[in-house]
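Working from the sequences, and respecting the hints, build out all of it.
Chains as they are written, first to last, in our numbering: chain A, 1404 to 1521; chain B, 66 to 616.
Simulated from the structure, these hints should not be mistaken for lab results.
All C-beta atoms in this analysis are idealised placements derived from N, C-alpha and C, irrespective of residue type, glycine included.
You may find that some hints are simply not true.
Each pair of labels, with its calculated beta carbon distance range [as the list claims (entries may be wrong)]:
no.: 1; chain 1: B; residue 1: 498; chain 2: A; residue 2: 1502; range: 29 to 35 Å
no.: 2; chain 1: A; residue 1: 1482; chain 2: B; residue 2: 552; range: 48 to 54 Å
no.: 3; chain 1: B; residue 1: 529; chain 2: A; residue 2: 1465; range: 33 to 39 Å
no.: 4; chain 1: A; residue 1: 1498; chain 2: B; residue 2: 528; range: 19 to 25 Å
no.: 5; chain 1: A; residue 1: 1518; chain 2: B; residue 2: 246; range: 26 to 32 Å
Below, a sample of chain B positions facing chain A; criterion: calculated Cβ distance under 8 Å [unchecked claim]:
no.: 6; residue: 149
no.: 7; residue: 152
no.: 8; residue: 153
no.: 9; residue: 155
no.: 10; residue: 158
no.: 11; residue: 159
no.: 12; residue: 162
no.: 13; residue: 195
no.: 14; residue: 196
no.: 15; residue: 197
no.: 16; residue: 201
Quick look at which bits of chain A chain B covers, simulated, 3 or more residues with Cβ under 8 Å [claimed, not checked]:
no.: 17; region: 1420 to 1432
no.: 18; region: 1477 to 1490
Below, each chain spelled out in residue letters.
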Amino acid sequence: MNMEIEPQGNIHISKQTIATIAFQAVQRSYGVVGLASRNIVDGLTHALVKDPTHGIDVEYKNDLINIDLYIIIEYGTRIKSVAASVANTVRYQVEKTLGLPVNEVNVHVQGLRISNLD
Amino acid sequence: MSDDNPERTALFIDGAYFKDLIRASLTWLKTNQEAVNALNVFPVPDGDTGTNMVLTLQAAYDEMKSSEVKKVGSLAEKLAHGALMGARGNSGVILSQIWRGFSKGIGNVEVLDGQSLVKGLVQARDTAYKGVVRPVEGTILTVCKDSALAAQEAYQETNDPREIIKQVTEAAEKSVNNTPELLDVLKEAGVVDAGGKGLLHIFEGMVRLMNNQPLDIAPLGIKPLSLIGKQEAQNAAEPGQDYEVIVDFKPFKPLHLETFYDELEEIGTSIQVGEGEGIYRMHIHVPTEKRYEPIDYTMTLGTISKVHIENLMEQTGNSHPPEEEISLNPVEPGQIAVVAVSPGIGFTKIFASLGAASIVEGGQTMNPSTQEILTAVEKLPTDKIIILPNNKNILMSAQSAAELAVKDVRVIETTTLPQGLSAMLRLIPGQDMDKVTAEMKEAVTDVESGAITTAVRSVDIDGIKIAEGEIISLHNGSLVSSEENLKDGCFNFLKAAQAEQYELITLFYGENISQSAAEEMAAMIQEEYPDQIIELQFGGQPHYQFIISIE
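The following block contains the structure:
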């Protein structure tokens, strides 16, 4: 699974790939009702390019993968628990799919959605 | 759904009984906590869905129990609030949403009747589903949905909330058993969804209270097969009950558990029954003269596939070495100190005797946090530190700790305990840091590592079929084989590692195997490998019968 021991050549994985895997994981994470852009300018550019993974940032630093998630959480759930489990889910899915260790997953709660219960 | 049917009697659940029902759910969920935890999708025992759900429901119940109000509506509101504040883990968050929806759904009712119960369950489902963008079916959400549907159907026939809860429970059970059909990962792992099972236990607890069935003890409890084993019994040998008998059997017809237990109680004590894929495992302690009775009795009920008899008195006479003080190596400022991660008391002692300055507890299922490792690093009175993580899962925390520390910290990437010990032998505290690090890194490759453990459930990995309860052996972290007995497991590893080409084989036995059994294994290995030196050491690690080092 390790990328370094491929005998035939190298495998390169784009940030977009990792973000897509994370995106799938976030959508299945309980309590997370959406992804948010970090700011308006960002949101506009992303909107223009129709990026499905806006709200997810992937960085490589010295071969380490760092993922930042900008999410919106359902009002009335325990934010701490939801954030912890989305971080876990994303880490697990990315590591399982790629076989590469994820250094850190940072969760930024950008807002809450209040569903109308009546 | 109208309420004016004259045949419907005014049946309801009042505040006091509502509290009783929730308490029953909590107690029953606690009773089954370990069994829910065991529904892991991975063969290492580290699941905690059961624990998370218990803690969430406990917080919810605590919020409600001291309340003086009699109104069910207000009680449910408190319950929902407690669940929200106490929600732990993914399953806990979903459970809190279920209570939140339930509370909204029943509204401000004085007592809970059939209609409000149905409304509550329907709203619970809707609220639970709102919490996720793409709901995954085959989880607690599905069970919640099927329960709500069953409540609506039951309400067509009855207005009695008790009867509705009973029918909901039946539907929930079916739904739980169907989860593997909806979610492939469950099917592959051969388990049902843990969260769904937890929700079922919550309903079951209520039904058990209505039927006056016991809640806190599980006399009729059926544990997963893997939870029934001799290691559980070792500290529970009572005088006069000298023999432990374990029988695996397949019943001719569905087992009547109550009669089964009654009969067994006539014979002995410490009775446990487990079930997995149609096979039952019966565990009992009996006096010497009765040691064959459980077998004879079980033979009348079904086909026996395996029998295990062990003299417990011999075991207790030969137990693990008593615990002694561990003295860690004192370090002087300027010297190199080693922080080693150890999964058990035996390994801790060995690392200490080799000169480790600090030990962090941790292993396969209990990974220490970066903070724990960092604290150990910071505490030492020197600024040259070497960390031996000794497990693949701990590597990352060790590396983060090294980055965060202000000291000169190096991580030797030891992924197994034998590698850690091998590296440890090269430590010279007064020498140059770079030189020692290089030496230790080199030592890692000198040793072949093996690990022998019991699969906690059936799974298919790397093309090897593993059945629950089988002995799996790992060579340098990759799966070698899955066998029915310990001996084959050990020998398969030794063969895979080409032990005959090395000099020394060291067996570190874990906390789940007796010293006598470990000695027996060492003797068998010596017989097969007469040219090698065999050493036996107490490792004290959980879950792994043996960790083996070959050098």
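Now the hints, each set against the structure:
no. : hint                       : verdict
1   : B:498 x A:1502: 29 to 35 Å : holds (32 Å)
2   : A:1482 x B:552: 48 to 54 Å : holds (52 Å)
3   : B:529 x A:1465: 33 to 39 Å : holds (36 Å)
4   : A:1498 x B:528: 19 to 25 Å : holds (22 Å)
5   : A:1518 x B:246: 26 to 32 Å : holds (30 Å)
6   : 149                        : holds (6 Å)
7   : 152                        : holds (4 Å)
8   : 153                        : holds (6 Å)
9   : 155                        : holds (4 Å)
10  : 158                        : holds (5 Å)
11  : 159                        : holds (5 Å)
12  : 162                        : holds (6 Å)
13  : 195                        : holds (5 Å)
14  : 196                        : holds (5 Å)
15  : 197                        : holds (5 Å)
16  : 201                        : holds (5 Å)
17  : 1420 to 1432               : holds (count 4)
18  : 1477 to 1490               : holds (count 8)
In this structure, every one of the numbered hints holds.
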